[in-house]
Amino acid sequence: MRREARGVVLIAALMAVLVIVGGSTDSVAHAATDWDNDTCLTCHNDPELSMQLESGEELELWIDASRWNDSIHAYWDMQCVQCHSSITATPHDPPSFSDSRGLATSASEECVLCHVDQREFQDSVHAEARNEGNDAAATCSDCHDPHYTADPPLTRDEIPNTCRTCHAEIYDEYEASAHGTALTEGNRDVPTCTDCHGVHDIEGPSNGTFHLFSPQLCAECHADEELMTKYGIRTDVFETYVADFHGRTITLFQEITPDQPTNAPVCVSCHGVHDIRHVDDSTSSVTKENLLSTCQQCHPDADTRFPDAWMSHYSASPQEWPLVFAVQTFYLVAIPIVIGGMLSYVAIDVFGRRRRKKEEEEEERRA
Amino acid sequence: MLETAPAVRPTRYERFTLSDRIEHWVQVVAFTGLAITGLVQFAADAAFPRSIISALGGINNTRFIHRSFGVVVLLAMAYHFGTAGYRFYVERIGHEIVPGRRDVRAAVHSALFSLGRRSDRPLEGKFTFSEKIEYWSIIWGTVLMAITGLMMWNPVATTKILPGQFIPAAKAAHGGEAILAVLAILIWHTYFIHIRHFNRSMFHGHLTENEMRRDHPAELSAIHGGGARREIAPEELRRRRSRFFAFYVVVVLVGAVSVIGFLTYEEIAIKTVPPDLQSEQVSAPSGPAEGVGSVDAAIRVVSP
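Protein sequences appear in the order of chains A and B. Taking this note's numbering, the leading residue of the first sequence gets 1, the next gets one more, and so forth. Taking this note's numbering, the leading residue of the second sequence gets 368, the next gets one more, and so forth.
Hints were generated in silico from the structure; no laboratory data involved. Keep in mind the model is a prediction, meaning the values are calculated, not measured. Be careful, since some hints might not be right.
[Unchecked claim] Below, simulated DSBU-like cross-link-like pairs (lysine-lysine); rule was C-alpha separation at most 35 angstroms, straight line: (1) B:K499 x A:K358; (2) A:K288 x A:K358; (3) B:K527 x A:K288; (4) A:K357 x B:K493; (5) A:K357 x B:K499; (6) B:K527 x A:K358.
Let's have the full structure, built from the sequences with the hints guiding it.
This is the structure in structure tokens:
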């Protein structure tokens, strides 16, 4: 059987690679069988095949061979028993887990044997929750169906929908946002969940560092001249933010005291997080009408005149902020004039003193 | 031969009282402290200022130190207006500090002398034109810095009175004036007080006869010309004193109450963004309908 022979070679190669890269020797055991996938499909090709777990959940046992054949694991000629390593005889015993969470947990233990570089998942909030005993938190197979995952594992459209499985409320906010609406309309430039939160190293938004450094996250796109030109969005929003009280404080905290909490706002503090609206949208938190209540989140006593203290990402110009422009211009002129005047006067005085000294010396010589 | 009584000429002329000198050195410390903690904020994009902010324990500490020195300046200002007012109104001295056309003439005269167009120096009185330039620059600068500084200290209270745009305008003025003040002190004060002649009167409080003759000839001749000031009748002095103190106490109290009220009446900003974590209902990716159910995740909420 050519296919089997190819499989054996591949498995042998895979074993060698795994041993070389320092993969667990456990993985070697996975290949210790000569079953091919057709053996498994003898039974699992049946769409009706299912079983009831102890929890009462119905577990579908059907493998759609045509979808499997399109998957990335089929492309690499993976064999069922490489992951389902506990199965050594047919017919085999029912699985040891009592509910679908148990299935997910045991599946993920298999994944990391090959996907060693995805062990960073262990740093994410999901892994943290699992380590704390919460097996409801997502693990590999919750986002990546091991049987049908293609390459790339999730397309940009699929990402929000995948997270939605658990984070439905946030998804609804995102879907209605400027970014979410654009994604639905087929725009591939807008950020999805993982662009901000990371993929396998999701930190969790309540982490102070994530909050503190989030402006750079927004700047990745919003300071990108090429990308923003496409949409007619100004790219100096980050610079003007940093030039003002809030951004200056945040950048100094980033550089000097990243571990300390600060009350200064970042982009999302005013623009919203998942529900960011276009600034022309009347429901945006930063329109002229809504800005005061946005300011009041941090400045509860702020009055109607207060929002104008923020220059709305604009630099001073005769049109935008005439008073600020006038003051800046005044000092731009006054400093060189005053300081230049003082220096000139001092220079004249120094010159006079030198000249008089020379004259005195000459007089002395003559005398 | 008729023996003339030797003229008792003092060898030292009092320039600054002890309290004047203490005030000056307090101002030096506060000015330097403000300049350092302020300019590092002005140029906070550069590496060196950042290292100073870091050494001071971060931006919040730097701002706290800056404002503390600012309070020192406010107090020194209140003190100065007190002593100046006392001298002006009660003692009727010190009027020489008021600038006039005579000072413009002295400045031009002195420059012409340096250029060799005039053979004599201007006859300066108690305060030379260069001293008056510095004195009034400091008065103007301090008042402007105090006002714009207080505006930024509590922008919420400021915008109860003024349009919002005054806050970034105050910031621009505070920064511009700071650069101007620091450069002016470095150039003008250093040259006229330290380089041209080292004037030590701010250490020991007096000038010598030679220094007087060189820098304040008109004052010297006034002293020797018997231009001693008229004695004020004791009752008149007492009356003026009580009137002045009553006025001063009221002004200082009103000023202090307004400044403290301005800074504290309105809440400037919440101290920290509250860890206002929304309990987002998160469902398990899979699992039995009951039992595992859902978990709460902490999500930072920004919208109200």
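Exercise. Tell me, which hint numbers fail for this structure?
Worked result: Violated hints: 2, 6; rest satisfied.
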